[in-house]
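Asker: Note that the protein sequences, when read in sequence, are chains A and B.
Using numbering that gives the first Met the number 0, the letters of the first sequence correspond one by one to residues 0 to 274.
Using numbering that gives the first Met the number 0, the letters of the second sequence correspond one by one to residues 0 to 315.
Calculated directly from the structure, the hints in this document are not laboratory data.
From the three backbone atoms N, C-alpha and C, an ideal C-beta is built for every residue, glycine too.
Heads up, some of the hints might be wrong.
[Unchecked claim] Okay, the calculated bits of chain B under chain A, using three or more residues with CB under 8 angstroms as the criterion:
| # | region |
| --- | --- |
| 1 | 42 to 53 |
| 2 | 59 to 73 |
| 3 | 118 to 126 |
| 4 | 136 to 144 |
| 5 | 159 to 172 |
| 6 | 210 to 218 |
[What the hints assert, rightly or not] Listing some non-contacts, in silico: residues in chain A with all C-beta distances to chain B over 12 angstroms:
| # | residue |
| --- | --- |
| 7 | Ser36 |
| 8 | Ala52 |
| 9 | Asp55 |
| 10 | Thr71 |
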Amino acid sequence: MTGTRRGGRWWTYLALTVALLGVITPFVWMVLGSLKSEGELRRVPPTWWPESASLDNYTELFARLDFGTYFTNSVVVAVAVTAGNLLFCSALGYALAMLEFPGKRALLVVVLGTLMIPGVVTFVPLFVLVANVGLIDSLPGLILPFLVTPFGVFLMRQFILGLPPDLLDAGRVDGVGELGIFARIILPLCGPGLATLGILTFLGSWNNFLWPLVVAQSEATYTLPVALALYSTGQNNTQYGLLLAGACVVVLPLLAVFLAFQRHFIEGIATTGIK
Amino acid sequence: MTTVASAAPALAPATGPGPAIRRGRGRRAEGRAAWILALPFTLLFAAFTVWPVVQSLFMSFTDTRQKDLRTPFQVDFIGLENYQRALSDPVFQKAAANTAYFVLVGMPLTIAVALLAAVALDKGITRLRAAFRLGFYTPVITSIVAVAVVWRFILQPDSGLLNTALGWFGIQGPNWLGDPQWAMPSLIMMAVWRNFGTGMIIFLAGLQGVPQALQEAAAIDGANAWRRFWNITFPLLRPTLLFVCVTTAIGYLQFFEEPFVMTSGGPLNSTISLSMYTYNQFGFGNYGLAAAMSYLIFVVIAVVTAVQFRLLRQNT
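Here chain B stands alone, though its shape is the one from the complex (with noise of 0.2 angstroms):
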């Protein structure tokens, strides 16, 4: 960042006036290229993030509705009653423990499945470990609207794939979507399916920064690989993991088109999400309880990233 900076000195010695004005001039220049550069972005921006996530605080604090669309100033301040209600509401008390549930199996399971396959894949294997790669990172380009057709089918109890594999095994597999007990794990399994891969990229990357020279030492010493992997690989890890998992939270937290097209939130509410729920309020016109709602899982959404950041950050 200061590096232009540091380095016009060099250029122009600070002795006579004329280098001066030069400098200054092409100072002028380099903020004016700055400012035609950064503008269309800005614009952009400004119109279509920042003054959103501003209206929506001042929305949150409204009592505006579908009716308010064309006039969204004309509505009553009415302070924190839409959070009140969003935190009193026991449908949003429902999803705000799907979500937490959601994200408290799911995360663990995906970053284990991800650190277990980048780790197969680096110190297991020496060929066709591209073609793995891709493999295993297919389902994270896929959509989640044609992912949910085929899983729709594979889910279902009688004729679907996986209760007929199940079935060679003699166990009778449950109604996965329609039954409220199963509805959230068939979620979560299909989120892991869905996302390890991304993570297994980030470690796999991660791990080629560990150096061998360590590891043979290791090995020399009489440490067995799963030491190795403890003492040394794991703590080498550690900026790597913290990426993974503070990114998986993020994502995991707005937790929201798994349900939406698989079940819809339901059987009984057994999957709706707090951005479902809140995208729900949207589409009944409750414009500033949704509103309340989206801020309220922005909180949870900081409060997680910090509190990672300490404890993965600790112990360094």
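Same shape as in the complex, but just chain A (with noise of 0.2 angstroms):
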């Protein structure tokens, strides 16, 4: 009996496995899509393995439809938003957790004040203010807004609380100047907080679709999936090899960056998330 009970139950396996195989199968058969023509993708019944794999929707893609661009505008949007917030975010989440200054009770209450406050409130002036600085279908029109969240104060803050205050005062009886215990004390203990909110933005800012939506308006400033959503409602709306191939261009890259990192970031979302 201890040994069923040590490796489980073998329908617990079974029912796990079944869920799974359907929690999965959209991708499978995504990735799998993207390799058929235009023949196969139509057939009634549809086929599940491809009858002559090739990769020509993918050369479509990046030949005639500037993927390259839509990539390359993607990948810088979320690493400058992520660096923003690992930066900005820990920097004030430090300043909160453990030093003393005029005004903290009050930035702290508007900041984890603002946590609650959902994206439609802001997107109308938002927008407004982005026109009028002339930001509008340019990529810092894309990053700025997003280069600050209270989220990643939160979750800086409470990371920071739980490291011994003690450091502090070491570091003072060091000699080392305020913003150096910050960048060279601080800093480097905050490995697992800054995995989670780095990964967490990254993840956030690729998939962000709305706001690029809106505000980039020509084919220079286009994200991935600002791309894909105009292609799927748009001319090429009917050619589905290539809107297949266009996805997995959206998260296949994605899903082998979270594969890298997902054991610092399940374990870190998991505790962060309800200290």
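Could you use the hints to bring the two separately framed chains together as a complex?
Answerer: Structure below.
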């Protein structure tokens, strides 16, 4: 009995496997479909394995439709947004967690108070603001509004509150300057917190869709989700193979990044989420 | 928060004037450093969050339209007219009903599936846990636009994967996205698929905080697995449940992307949501009206969150 208990019951494995197949089937089908020809994709009933797999859809995506540019834009925006959040949110998170300064309480209340405000509230004035400073249809217009988030401060503050406060005094006794304490003592200890915030921010920026759809108005500034959304409703909307290949280009690189870091991330989100 | 303050006297006993001055100077250096660290965030946050929140409230009491884009303050103050217009608009009411439908059905389903998956992974198996966890989490990290492309295929009435699979069992599947009866259930099914992974991860962390000794003691007393779960695990999971409920509710009340990319709110407005209708008003150039609608959504979210805190915190 202990043996079955330690290994788990076979029917739990069976149920979980069936559930897992159900959950990932859309992804498998997406990848297989992107390798099929238009004719095969229209067949009734649908085929599962591609009859003659080819990368033609991908070639067309990058050669004719300029997905290379959109891909670069997505990477630039996501990297800039992630770097901004890591730096600025951890700096304020540290100040709020460990330092005393005039205005601290008010700042804390305002930042945490905005956590619950839905994005739709700021959407219209944000658009008016970005339009008035002439950043519509530019990469800074896609980056600046997301460079800092109250969630990032919340997360980093929670994490830094868990570090021993004696670190500050130790640093001061050793003659490290106030900013040096942050950069050389605190930040190196924030690895797991930064990993969680970094991955969450990168995922959010890569998949961000509504704001870029409104702000990016020419092909030079499209990000991948915007391009895919426009192609799937525009004149290419009947080229199924192309759309599925586009979906793969949006999903697969992110999946690879996520697989590489998922351990830190899943543990980080689980612990920082509820504390 | 107060740790720094309480640690300081230990270092500098408040006798002679010397240490007190040094302490004061340290305080100033600390305050200055804190503001240097806080400044970049505060400036960006003030410009791109606080200012829009305030301006949105202002806009909601004015007749701002797209033509006022360059001069957002030369508009007429019209009091609560936008709010009245929104609340008496039949499409807004329809959108409110749809959003309520989505939240009331989708949220319990998502949380139930997340909890079921977490308990199965935590208690039911010991091997391959990380692989299952990762697989179930994959939809969460996937772009909604890509998801839409794939799901629109899967849900096609004749050649779609789902109806083909149902056909093997002799079931004639409906026209999922084209039938006003079935469009919302389709989106709920998709939302559960896309979101239960987040709740699952958080429940898994919560389950690890339930002491094994309690479970074993109950097992010795003859409590079966179901009673152990219901009487021991579940009450201890209450704070986790509160967190998952609140975050899911906040997300689902802003339900936007699924109808936007899958159905455009149709057929016959059967899937239009509050956020989506608000976005449409922005698209039509009715900025003041859109701002009023967004504040109505905000009020609903605040009320629902407060109610959940009361309900779930009370009986601990």
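Asker: Need the list of violated hint numbers for this structure, in ascending order.
Answerer: 6
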